[in-house]
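Participant: Protein chains in written order, with this note's numbering: chain A, 13 to 223; chain B, 22 to 415; chain C, 76 to 260; chain D, 48 to 649.
I should point out that these hints are in silico values taken from the structure, not numbers from a laboratory.
The C-beta atom is built at its ideal place from N, Cα and C for all residues, glycine as well.
Hints are not guaranteed to be accurate.
Claimed, not checked - Mimicking DSS-like on lysine-lysine, the simulated pairs with C-alpha atoms at most 25 angstroms apart in a straight line are: (1) A:Lys210 to C:Lys225; (2) C:Lys248 to D:Lys593; (3) D:Lys221 to D:Lys382; (4) D:Lys225 to D:Lys196; (5) D:Lys225 to A:Lys185; (6) D:Lys313 to D:Lys196; (7) D:Lys66 to C:Lys248; (8) D:Lys221 to D:Lys313; (9) C:Lys111 to B:Lys277; (10) B:Lys226 to D:Lys71; (11) C:Lys225 to A:Lys211; (12) A:Lys214 to B:Lys83; (13) C:Lys87 to C:Lys155; (14) D:Lys221 to B:Lys215; (15) A:Lys214 to C:Lys248; (16) D:Lys459 to D:Lys382; (17) B:Lys341 to D:Lys395; (18) C:Lys248 to C:Lys226; (19) C:Lys111 to C:Lys225; (20) D:Lys221 to D:Lys71; (21) B:Lys54 to B:Lys83.
As the list claims (entries may be wrong) - Not everything, but these chain A residues come out facing chain C in the computed CB check (under 7 angstroms): (22) Gln35; (23) Asp148; (24) Arg155; (25) Asn201; (26) Phe202.
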Amino acid sequence: MFKKSLNTEDTLENAGLTVEEQQLFSNARPQAYEPYPIKAVEDFANWARANSLWILAFGTGCGAIEMRPLMTARFDANRFGVAGRPTPRQSSVFVIGGYASVKTLKRIVRSYEQMQGPKFVIALGICPVNGGMYFDSYNTVNRFDQYLPVDLYITGCMPRPEVLVAGIMELQKMIKAGKCNGANRYVDNFDWYKANQKKVIKNWDMPDYNW
Amino acid sequence: MTSLNRHTLTGHSAALDFSQPEPVDLSSGKYVKLWQGPQHPGITGNMSLELTLEGDTIIGCKTHVGYLHRGFEKLMERRTFIQNFTVVCRIAVPEPTFNEYLYSHAVEELSGIEIPDRAVWLRTLNLELMRLASFLMWIGGQSGAFGMYTVPNWTLSHRDFVLDLFEEMTGARIYHMYIVPGGVRAGLPEGFEKRARDVMDSTEKMLGQVERVMFNNAVTKARSRGLGIIDPEMIDPYGIVGPNARACGVARDLRKDEPYLAYDQLDFDIITGHDCDAYGRAWQRLQETRQSIDLIRQCLDRMPVDGPFQADMPNVLHWKVPAGETYVKAECTRGEYGYYMVTDGSEYVRRVHVRGPSYTHAIAVMERLAVGCNIADIAGLMVSLHTYPPEIER
Amino acid sequence: MNEKTLNTMLEKLKQEFDISDIVEHKPRLTTFTVSKQHAETLIRELRDREAYTHLNFMTCIDYIEDGIFSLVYMLHNYGKKHSLGVHVNISRNGEEVFSIHTLWAQAWTYQRELREMYGIRFTDSPRLDEDFCLEGWDQIPPMRREFDTKKFSHERFGHREGRSSEVPREHMKVQLYPNRGGDEE
Amino acid sequence: MSLRDLLSPFYVWQRAFEKPYTTKRPTLDRPGAPAYRGFHINITETCVGCGSCHTICQNHAIDMVAVDEYVGRDGDSGLRPRFDYGRCCWCGLCVDICTAGSLRMSNEYAWISEDPGDFHFTAGIDDKPWQENALGYRRAEGYHLYPPKRITMPMLPVEESVNTFDEVVRGYDKEQAKKEADRCVECGICVATCPAHMDVPDYIHSIRDGDYEKGLQLMYRTNPFPATCGRICTRRCESVCPVGILGEPVAIRWLKRFIVDQVDKKDYPRILNEPIGESDFKVAIIGAGPGGLSAAYYLRQQGHAVTVYESRASAGGMLRYGVPSYRLPDVELDKDIEHILAIGVDIKYDTEIGRDISFETLLEDNDAIFMSTGLSVPSSMRIHGEDHPRVLSGLQVLADVASGRDPGIGKKIAVIGGGNVAMDAARVSRRLGADVTLLYRRRISDMPADDEEIDESQAEGVVIVQQAIPVEVLDADGTERVCIKWGEAKMVDDPKGGRPRPVLQEDRMHTETYDCIISAIGQSSDLGYLSSEVQDQLAIEWGRFKPVEYQHTMMEKVFVGGDFANRTADAISAIEDGHHAARGINRFLNPDAFIKAEMQDE
């Protein structure tokens with residue numbers, strides 16, 4: 013999976029990188045997640061995934077403020093199998109904390125792509141839905157689903173930790189039902205997402221897909 | 022005070038050397054460049070530090086901000102005066118009410134509105150509660166940065182109790198939108214005083230436990246003593262304000278120096294410290310948290326129970342504020358928070374500049390204090406300066 | 076600050092630096108305007124001689140109709156508890172300005188921000204061209220008055236479809252009295 | 048490092064035995080605070096769709112969408128707010144500004160969805176679980192985002208006003224007018240209610256800007272009688288003003304008057320500068336009341352040759368002869384009329400149709416005719432003895448006073464009726480020095496007259512006897528006096544749900560002697576100038592017209608308007624009838640142009 017797939021037709025251009033850097037980064041396309049052929053196995057895997065949601069510790073916006081009560085004693089999300097992880101490589105849930113500025117969006121894309129599948133995205137607040145408070149700001153995106161696939165939206169400004177808990181429970185239900193396929197949507201429509209991302213991120217100096 | 026000024030102005034002190042560090046030759050293999058943040062648990066909010074390391078010692082630090090830039094000052098120029106009050110609280114997420122107060126105060130000053138006495142006390146109470154909530158979160162953050170996760174569990178829960186009070190008082194947990202130009206939006210709900218006093222009592226008790234567990238802790242002491250020493254000579258040239266300055270023994274507090282709202286009627290003294298390191302600043306903030314609890318109790322004691330809480334207002338849908346210019350400031354948890362406002366007589370504000378104390382604390386001060394630190398201490402140092410990135414970039 | 080000392084100081088500054096437009100906004104805030112050539116010395120003098128040692132902030136106001144940027148340096152005197160706002164008017168067309176990064180440690184950050192947000196260049200200010208808040212910005216500096224942030228946001232980021240609104244007055248006209256009211260065209 | 052420092056962290060174990068902070072079931076156990084700003088609730092029945100919430104929302108989160116259920120209600124735009132929870136920030140400004148007080152918030156805060164397109168809803172219309180929620184944010188008592196109280200109008204004190212025909216209402220000064228204009232929320236609901244559909248929000252806006260000339264221009268677009276309407280309009284606009292739901296409505300009438308007061312008459316031609324079109328058509332107008340002159344004004348602008356025929360010596364109709372000068376001074380009425388005449392309208396005074404010139408001739412000589420002769424004949428009380436010489440009609444008394452004649456009413460009089468004419472007659476009589484008793488069949492609250500009129504007349508010393516039904520007029524001793532017998536009435540509820548009916552109580556009769564009795568219980572039209580043939584063609588019912596589209600009658604060239612052609616019988620309706628007839632006459636005269644324009648539209 014991490015091998016550089018050279019000489020095949022379907023590779024990424026990585027045009028944002030210098031020639032030397034292109035040698036360092038993979039240019040393979042992302043691959044969709046294939047469920048286990050046996051349904052019982054897949055169901056078991058989904059059950060396990062749903063009960064160990066590890067959230068990437070990346071406070072991208074105001075939403076970060078309510079993550080702290082969520083993760084500490086008052087709301088104690090650990091009992092629902094939720095834990096914060098400092099690195100994308102270990103995380104399965106990306107919580108978009110409200111608005112995403114263009115500068116952060118670039119880091120969000122990078123972090124998201126680095127996460128291991130299956131992975132899920134929860135968008136907090138109004139801003140990822142339709143621009144929210146900053147619908148007219150020159151530096152925040154208005155529709156987050158244009159740039160990354162979102163599995164669940166929680167409206168509010170800010171959504172309270174209680175709704176976050178409710179959202180996590182909802183996500184668990186969806187995962188158990190095998191309905192959370194945002195990551196596969198991303199793979200299937202990769203070029204569309206990438207084009208949208210590049211439309212707003214003007215200094216694209218990273219690989220097209222961050223393995 | 023004057024002696025300090027004279028001293029700093031001689032120009033011979035190292036504190037006055039603002040020059041940027043020399044760039045290093047990364048290809049030599051001797052140095053490593055490391056990004057701490059924006060996606061990093063040891064950073065206060067969404068910002069990043071570009072660190073240059075020699076071994077595990079930091080020899081260069083650059084702060085990068087802008088990950089939370091929403092262009093507030095631009096947005097405010099195209100919203101009416103009443104609409105802006107809902108926007109400003111988002112400038113500093115953990116401390117929205119200081120923005121609400123200062124914005125409202127600036128507008129009131131320019132349009133000549135006098136707010137009623139009850140609104141003054143309600144505002145004071147609101148600001149002090151905010152200070153308490155913010156300090157509680159900060160104590161948890163500082164403790165967490167040194168690897169002790171017990172204290173955040175306590176303080177953040179107590180902060181949540183304060184947020185419950187806010188919810189009752191203002192109708193929202195985080196973005197209260199309570200202080201509005203002309204006054205406040207409502208009086209206190211029934212039974213609020215009792216519940217507030219209960220929260221104060223339990224929080225005070227908890228702070229005693231925090232003092233014991235965190236401040237009398239061999240690990241905390243070992244890691245924070247001597248970390249990030251602010252030379253008192255740096256204070257004016259670097260624009261250091263608030264607890265960061267008071268911990269160095271500089272008795273400056275806008276609540277006392279240039280009293281606003283009801284602070285001239287409250288009984289308190291400026292707390293100062295003498296340790297200029299991270300431990301001293303933490304201790305300073307712990308004492309100020311206690312002071313804040315005391316001030317909240319005083320506010321509750323003296324809160325007028327009835328009377329208007331809003332001044333006579335024009336129709337806000339087409340409210341024109343006379344042309345003028347003002348700078349208003351208040352002491353937030355991190356020091357001087359200010360709003361500079363210029364109006365031109367139209368329905369929109371001409372220019373607002375929001376001055377947050379983190380602007381210098383997180384960039385100029387941080388970049389200087391980081392040099393020479395161990396990489397492991399950078400998170401603790403960052404937290405000890407108490408910076409909030411959203412108020413830097415707005 | 077008592078009025079007399081303030082007036083004496085302002086009088087002195089008037090003679091030395093030719094300051095104008097002195098406005099006392101409130102007892103603790105006075106602003107005035109000074110020409111660019113005198114400004115640097117004036118600010119240094121205020122800091123060293125008059126003990127306005129604290130730089131509250133530095134910012135800029137865009138007077139697009141007059142074709143000028145008004146730079147504002149807000150200085151504070153802790154002893155006298157008094158703030159002075161120094162306005163320096165410069166042309167909007169890329170006029171270069173002196174830098175005060177040698178006077179205050181945080182000044183270069185402000186100047187970097189103003190370069191990014193207004194496109195003002197400060198002579199020898201360190202790291203002036205590094206990105207501050209924006210990244211890959213390809214438009215005119217956003218804080219300039221002529222930059223329309225709503226239009227830009229709409230064009231670049233779009234909005235979610237499914238919204239439409241009626242104006243009560245127009246809606247009622249169409250519904251209730253389409254042929255009446257106003258001139259007939 | 049001391050031993051204490053090493054040991055004290057272990058103190059945390061003590062807390063292991065304390066009650067944990069943790070909320071057991073966070074999603075169930077923690078409803079929002081009683082005043083929490085959660086999802087919106089709108090009482091759609093109370094809401095009038097003024098759109099203030101839409102205006103104040105800084106995030107453009109509120110759309111006003113049509114809800115069929117509420118289309119066509121008086122003072123209701125038929126729109127209701129729809130919220131976009133991809134925008135809303137729950138600041139509650141919409142609740143604070145809500146003029147009807149219908150909008151509030153629940154303490155519900157959880158809405159999770161997979162589909163970002165989900166987050167739209169019309170509060171009160173879409174079925175949502177929080178609709179019945181009793182808690183949540185409401186605007187606090189005493190908290191306002193616009194001044195709820197009207198600026199008090201300076202009035203002549205009663206002691207003075209009762210002795211003079213000087214105008215009672217003194218008018219706002221600039222400061223007061225600006226403050227009053229500031230209260231407008233610019234929703235525009237009044238525009239639909241105003242019969243003439245005047246641009247109310249726009250001219251009020253011009254007061255705030257201090258641009259009175261623009262205000263005057265705006266008013267003349269729909270109403271060539273602003274000085275008049277600024278004083279005596281029935282102001283139905285104010286009755287629907289949303290600001291009046293929780294406070295007092297914006298004083299639209301006084302603001303209109305204020306604009307006119309600020310502009311000098313001699314500046315009118317410069318400011319208004321109406322372009323006069325080119326046309327060869329001739330239009331005749333019968334009656335120089337507000338309807339006729341309004342039609343003349345708008346027809347003249349199209350370039351038609353307009354001639355107005357007036358039976359009296361001055362123009363203005365009921366405005367001059369029916370409205371006393373303490374409400375509408377002649378000089379103000381002349382300000383309006385003179386401008387209409389100044390753009391080239393020809394007027395023939397003392398010319399009565401049927402006497403000086405026949406209707407048929409007029410029909411032949413002109414390309415179109417507009418008739419608006421109004422209601423000039425007083426209605427009968429239908430009681431015995433009402434033809435007594437000391438029973439005067441209210442209209443006659445008012446006309447006499449307006450023409451400078453002494454109506455000869457005496458010192459102690461009774462007025463019968465409860466409308467504006469009765470009030471005017473009573474107050475005029477007070478000014479002439481008489482003691483006035485006013486008899487009305489129903490209760491004061493049922494009176495059709497303006498509340499202000501009722502209050503002011505009472506203040507001026509008019510004694511109002513309510514529930515008094517006149518039964519008979521009797522001769523008194525001496526020819527200069529007259530007796531009236533009246534009975535007390537009991538209000539009986541209408542079983543069909545209409546307004547309560549007065550029923551005479553035979554055993555409670557009173558008889559009183561007066562110098563004269565003024566009857567003012569209504570008027571009807573005088574169509575004697577029309578031959579019965581023409582009357583048949585015009586399909587007149589009960590002395591009233593039922594015009595079709597554009598005020599057209601069944602006769603090809605004839606258009607009608609004013610009191611005898613509408614139900615409301617007030618000046619502003621007559622003005623709109625005139626304006627609308629002018630539109631109709633234009634279409635009638637230039638059918639091609641309009642058909643072409645309409646086809647282009649399609």
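Participant: All hints, please: hold or fail.
Facilitator: Consistency of the hints with the structure:
Restraint check for lysine 210 of chain A and lysine 225 of chain C: satisfied, since their Cα atoms lie roughly 21 angstroms apart, inside the 25 angstroms limit. Note on lysine 248 of chain C and lysine 593 of chain D: the hinted pairing holds, with a Cα-Cα distance of about 23 angstroms set against a maximum of 25 angstroms. The hinted pair formed by lysine 221 of chain D and lysine 382 of chain D meets the criterion: a straight-line CA distance of about 21 angstroms does not exceed 25 angstroms. This hinted pair checks out: lysine 225 of chain D and lysine 196 of chain D have alpha carbons roughly 14 angstroms apart, not beyond 25 angstroms.
For the suggested pair lysine 225 of chain D and lysine 185 of chain A, the alpha carbons sit about 60 angstroms apart, so the restraint of at most 25 angstroms is broken. For the given pair, lysine 313 of chain D sits about 35 angstroms from lysine 196 of chain D by alpha-carbon distance, which is inconsistent with the 25 angstroms threshold. Note on lysine 66 of chain D and lysine 248 of chain C: the hinted pairing is violated, with a Cα-Cα distance of about 65 angstroms set against a maximum of 25 angstroms. Distance hint between lysine 221 of chain D and lysine 313 of chain D is fulfilled; the C-alpha atoms sit about 21 angstroms from each other, no more than 25 angstroms.
Between lysine 111 of chain C and lysine 277 of chain B the CA atoms are separated by roughly 36 angstroms; this puts the pair beyond 25 angstroms, and the hint is violated. For the hint linking lysine 226 of chain B to lysine 71 of chain D, the alpha-carbon distance of about 24 angstroms falls within 25 angstroms, and the restraint holds. Between the alpha carbons of lysine 225 of chain C and lysine 211 of chain A the distance comes to roughly 18 angstroms, so the proposed pair stays at or under 25 angstroms and holds. Distance hint between lysine 214 of chain A and lysine 83 of chain B is fulfilled; the C-alpha atoms sit about 23 angstroms from each other, no more than 25 angstroms.
Between lysine 87 of chain C and lysine 155 of chain C the alpha-carbon distance is near 17 angstroms, which keeps this suggested pair within the 25 angstroms criterion. Distance restraint check for lysine 221 of chain D and lysine 215 of chain B: the Cα-Cα separation of roughly 51 angstroms exceeds the 25 angstroms cut-off, and the hinted pair is therefore not satisfied. A C-alpha spacing of about 47 angstroms is found between lysine 214 of chain A and lysine 248 of chain C, which places the hinted pair above 25 angstroms, so the restraint is violated. At most 25 angstroms may separate the alpha-carbon atoms for a hinted pair to count; lysine 459 of chain D and lysine 382 of chain D exceed this at roughly 36 angstroms.
Restraint check for lysine 341 of chain B and lysine 395 of chain D: the C-alpha separation of about 51 angstroms exceeds 25 angstroms, so the hint is violated. Distance check on the hinted pair: lysine 248 of chain C and lysine 226 of chain C sit about 30 angstroms apart at the alpha-carbon level, beyond 25 angstroms; violated. In summary, the hint linking lysine 111 of chain C to lysine 225 of chain C is not supported, as the alpha carbons are separated by about 34 angstroms, beyond the 25 angstroms threshold. With a C-alpha separation of about 63 angstroms, the suggested pair lysine 221 of chain D and lysine 71 of chain D falls outside the 25 angstroms cut-off, and the hint is violated.
For the given pair, lysine 54 of chain B sits about 11 angstroms from lysine 83 of chain B by alpha-carbon distance, which is consistent with the 25 angstroms threshold. Hint status for glutamine 35 of chain A relative to chain C: violated, with the closest Cβ pair at about 24 angstroms, above 7 angstroms. A hinted interface residue such as aspartate 148 of chain A counts as satisfied when its beta carbon comes closer than 7 angstroms to some beta carbon of chain C; here the least separation is about 4 angstroms, so the hint holds. Look at arginine 155 of chain A: its Cβ gets to within about 6 angstroms of chain C, closer than 7 angstroms, so that hint holds up.
Restraint check, asparagine 201 of chain A versus chain C: the minimum CB separation of about 17 angstroms is more than 7 angstroms; hint violated. A least Cβ separation of about 20 angstroms between phenylalanine 202 of chain A and chain C goes past the 7 angstroms threshold, and the interface hint is therefore violated.
In terms of the numbered hints stated before, the structure departs from hints 5, 6, 7, 9, 14, 15, 16, 17, 18, 19, 20, 22, 25 and 26, listed from lowest to highest.
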